[in-house]
Amino acid sequence: MATTDYLTGLANRRHFLGRVTEELARLKRDGGQQAVVMLLDLDYFKTVNDTYGHSAGDAVIRRFAQLMRDCLRKMDVPGRVGGEEFSVLLPDTDIDAALHLAQRLRTIVAEAPVQFNHQQIPVTVSIGLTLLTRTDASPDAALHRADLALYRAKDGGRNRVEVLSAGV
441 MATTDYLTGL ANRRHFLGRV TEELARLKRD GGQQAVVMLL DLDYFKTVND TYGHSAGDAV
501 IRRFAQLMRD CLRKMDVPGR VGGEEFSVLL PDTDIDAALH LAQRLRTIVA EAPVQFNHQQ
561 IPVTVSIGLT LLTRTDASPD AALHRADLAL YRAKDGGRNR VEVLSAGV
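Heads up: the sequence shown begins at 441 in my numbering, then just goes up one per residue.
Rather than coming from a laboratory, the hints here were simulated on the basis of the structure. Keep in mind that a hint or two might mislead.
Distance ranges between label pairs, derived from CB positions [as the list claims (entries may be wrong)]:
{"id": "1", "residue 1": "536", "residue 2": "557", "range": "23 to 31 Å"}
{"id": "2", "residue 1": "597", "residue 2": "523", "range": "18 to 26 Å"}
{"id": "3", "residue 1": "591", "residue 2": "559", "range": "25 to 33 Å"}
{"id": "4", "residue 1": "466", "residue 2": "495", "range": "35 to 43 Å"}
{"id": "5", "residue 1": "469", "residue 2": "560", "range": "25 to 33 Å"}
As the structure is a computational prediction, the values presented were derived from the model and not from experiment. We treat Cβ as the ideally placed atom computed from N, Cα and C, and that holds for glycine.
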């Protein structure tokens with residue numbers, strides 16, 4: 441329980457950050473490999489809670505976590521790092537493969553409204569991606585880039601994927 445989010449069963453923020461720290465250490469030690477960090481945010485989630493209630497919001501979060509898990513490999517590390525904010529560590533992944541995954545997940549979420557109390561709740565997600573590289577001074581550097589990419593996606597109209605390169 442100390443490592444998982446109670447609502448989704450995903451890694452909690454602390455556990456996720458620990459896994460990113462481990463992956464960065466591996467990259468620095470082994471070199472040559474790549475990993476990607478994704479940050480994902482459910483669009484207009486406050487409106488879901490305000491319109492349908494917090495139980496519906498919980499159902500949306502649980503359903504999103506399941507859709508995300510269904511798209512990932514066993515080696516990937518999904519986490520819930522905030523209310524409606526999620527993260528994924530994709531070890532041994534290049535940016536093109538991560539972008540393909542992110543676009544696929546974004547599409548699946550948009551095409552699968554959540555059923556709750558005989559209502560369909562539309563859901564979309566904004567996603568920011570960046571490489572985790574051995575030149576990152578700390579996991580925070582990659583997480584900051586992924587966060588900037590996420591906000592580009594939100595500022596660009598939401599329900600989008602944006603990539604921020606490691607040199608930024």
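Taking the hints in turn, this is what the structure says about them:
no.: 1; hint: 536 x 557: 23 to 31 Å; verdict: 41 Å, violated
no.: 2; hint: 597 x 523: 18 to 26 Å; verdict: 22 Å, holds
no.: 3; hint: 591 x 559: 25 to 33 Å; verdict: 30 Å, holds
no.: 4; hint: 466 x 495: 35 to 43 Å; verdict: 40 Å, holds
no.: 5; hint: 469 x 560: 25 to 33 Å; verdict: 48 Å, violated
The structure shown violates the earlier hints numbered 1 and 5.
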